[in-house]
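> The residues making up each chain are set out below.
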Amino acid sequence: KQEVTQIPAALSVPEGENLVLNCSFTDSAIYNLQWFRQDPGKGLTSLLLIQSSQREQTSGRLNASLDKSSGRSTLYIAASQPGDSATYLCAVKNQAGTALIFGKGTTLSVSS
Amino acid sequence: GAVVSQHPSRVICKSGTSVKIECRSLDFQATTMFWYRQFPKQSLMLMATSNEGSKATYEQGVEKDKFLINHASLTLSTLTVTSAHPEDSSFYICSAREIKSGTQETQYFGPGTRLLVL
Chain A
1 KQEVTQIPAA LSVPEGENLV LNCSFTDSAI YNLQWFRQDP GKGLTSLLLI
51 QSSQREQTSG RLNASLDKSS GRSTLYIAAS QPGDSATYLC AVKNQAGTAL
101 IFGKGTTLSV SS
Chain B
1001 GAVVSQHPSR VICKSGTSVK IECRSLDFQA TTMFWYRQFP KQSLMLMATS
1051 NEGSKATYEQ GVEKDKFLIN HASLTLSTLT VTSAHPEDSS FYICSAREIK
1101 SGTQETQYFG PGTRLLVL
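Protein chains in written order, with our numbering: chain A, 1 to 112; chain B, 1001 to 1118.
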């Protein structure tokens, strides 16, 4: 059974710092991996989607990498801002047609 | 990206009543929709997979008679929480699967429904 783990559970950094969020999954045979952002009491905002054949995806200050063989993904946030404060969720899809399986998330707090 | 809506966004009900939550894919057809539940400070847990025109598949530990799912059309799935109790209070999020170019699929999420059972 696929399990997704995110480390750290919480992270506090000063504004401007570059940071890395980690995600690991137990079954490396995935279809794709997705990173989401969730603000308190709100729904999910999709940040980056990496297909199994891809190594990384970039959007603005965000860069996500995927190493399927080791069962790992990282989300890199450059020059963090207070507006980046949120919970970041990593999710994997095992096969086409199946549901995304979520990690417990990393709660990020960026202070000004 | 594609849009998924949920209604209502928030509902408060008395214990013992039933609550229906609607999930709609607004600009694409979704043969498959997924229902998740999220308790405070927890991650999203998959409850069931809803397939258009057939019975839903429930995850282990989810009572199918309590959480009724109907996926009667390619754009609408409903989740009915029957005889709701305070422990059913949670954030319910639906997701719809879009398939492009025959093979590439993406899962889009609704904004969620917050249920409070008194």
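Calculated directly from the structure, the hints in this document are not laboratory data. Please read these numbers as outputs of a predicted model, since none were measured by experiment. Be a bit skeptical, because a hint or two may be false.
Stated by the list, open to error - Examples of chain B residues lying across from chain A (beta carbon under 7 Å, computed): (1) F1034; (2) F1039; (3) P1040; (4) S1043; (5) L1044; (6) T1049; (7) G1102; (8) E1105; (9) Q1107; (10) L1116.
The beta-carbon is built from N, C-alpha and C at its ideal position, and this holds for glycine as well.
> Under the criterion of a CB-CB separation shorter than 7 Å, is F1039 of chain B in contact with chain A as hinted?
violated, 11 Å
> The hint names G1102 of chain B as touching chain A; please verify it with the least Cβ-Cβ distance against 7 Å.
Violated - the Cβ of G1102 of chain B stays beyond 7 Å from chain A, reaching only about 11 Å at its closest.
> Does F1034 of chain B meet its interface restraint, that is, does its C-beta lie within less than 7 Å of any C-beta in chain A?
holds, 4 Å
> Go through the hint on S1043 of chain B and say holds or violated, using the shortest Cβ distance to chain A against 7 Å.
At about 4 Å, which falls below the 7 Å cut-off, the nearest Cβ of chain A leaves the hint on S1043 of chain B intact, so it holds.
> Given L1044 of chain B was flagged as interface, is its beta-carbon under 7 Å from a beta-carbon of chain A?
holds, 5 Å
> Would you settle whether the hint for T1049 of chain B is holds or violated, based on the nearest Cβ-Cβ distance to chain A being less than 7 Å?
holds, 6 Å
> Quick check on the hint: P1040 of chain B CB to chain A CB, less than 7 Å?
violated, 10 Å
> The hint names E1105 of chain B as touching chain A; please verify it with the least Cβ-Cβ distance against 7 Å.
holds, 6 Å
> Is the hint on Q1107 of chain B kept, meaning its closest Cβ partner in chain A is under 7 Å away?
With Cβ-Cβ at 5 Å, under 7 Å, it holds.
> Taking 7 Å as the limit, does the beta-carbon of L1116 of chain B come near enough to a beta-carbon in chain A?
Not OK, violated: L1116 of chain B not within 7 Å of chain A, min 12 Å.
Hint compliance for this structure: hints 2, 3, 7, 10 are not met, and every other hint is.
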